[in-house]
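A.B. asks: Sequence:
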Amino acid sequence: MTQKDPYSVLGVTKSVTQDEVKKAYRKLAMQYHPDKNKGDKKAEAKFKEINAAYEVLSDIKKRKEYDTFGSAGNGFGSSSSGGGQGFGGFEDIFSQFSGGRRDGNSQNFEFDLGDLFGGGMGQGQRSRASHQEERAPKAEPEKSSLDVIKTVEVPIFDLILGTKLDVETVYSQHLSLTVPTGTKSGTKFRIKGKGRQNAGETGDMYVIVEGKMPKDIPENIRKLLESIKDQL
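For what it's worth, the numbering used here labels the leading residue of the sequence shown as 32, then goes sequentially.
Be a bit skeptical, because a hint or two may be false.
As the list claims (entries may be wrong) - Capping the alpha-carbon separation at 16 Å, the derived lysine to aspartate or glutamate pairs in EDC-like fashion look like this:
id, residue 1, residue 2
1, Lys223, Glu199
2, Lys54, Asp98
3, Lys45, Asp90
4, Lys45, Asp197
Because the hints were derived from the structure by calculation, they are not lab data.
All chains should be built: construct the whole structure from the sequences, respecting the hints.
C.D. replies: This is how it looks when you write it as structure tokens:
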């Protein structure tokens, strides 16, 4: 059985905020709710699909697992009928490591998969930058300065492949920060003029990205990582 990408089901992009996920879900749920479509099997199936997608994207942990591992993370996605991996999204993540390309761009990375996942390929862990509980900590000002420093945890594969983060300033303004492909954990980004304000002066905002390791790595993915490591 093949299930659709949860972002596509809700009609949103991967940069969508949690509030936008909720709004998209409510709109579609009302449209396809069984009470409004009595006897319509297609609407019923669509409603179940919408709920399954929302279950993944409304839960920060499940959403991050899906973003990191695709269908292998929480069971939402495509299943393979053959003897292959069965989660092409994850293979695509690593295609460039073994000579493939992603989005037409070839990149060289300076890191060791063994180091990323600890001595036993998956034993090491760190903690994202996501949107809460698991949310990024509130910005903290540097001492004797108008500058602000904010540390954000990001799934390690987002650092490898590049991503966009939603960062919040001390004045609750939301900004989109582009994290380039191959960014190292601990990299500091400067956002000019988004620090604290005082007496007509404004400081800068510094965002430090820290790589977050997945908590658990399925055996089939571990083997894939080991094969990739051997080719680097």
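A.B. asks: Next pair to validate is Lys223 with Glu199; report whether the Cα-Cα distance is within 16 Å.
C.D. replies: 14 Å, holds
A.B. asks: Decide if the proposed pair is consistent with the structure: Lys45 and Asp90, CA atoms, cutoff 16 Å inclusive.
C.D. replies: 14 Å, holds
A.B. asks: When you check the alpha-carbon spacing of Lys54 and Asp98, does it fall within 16 Å?
C.D. replies: Violated, because 20 Å separates the two Cα atoms, which is more than 16 Å.
A.B. asks: Given the hinted pair Lys45 and Asp197, is their alpha-carbon gap at most 16 Å?
C.D. replies: It holds: about 11 Å lies between the C-alpha atoms, which stays within 16 Å.
In terms of the numbered hints stated before, the structure departs from hint 2 and from no other.
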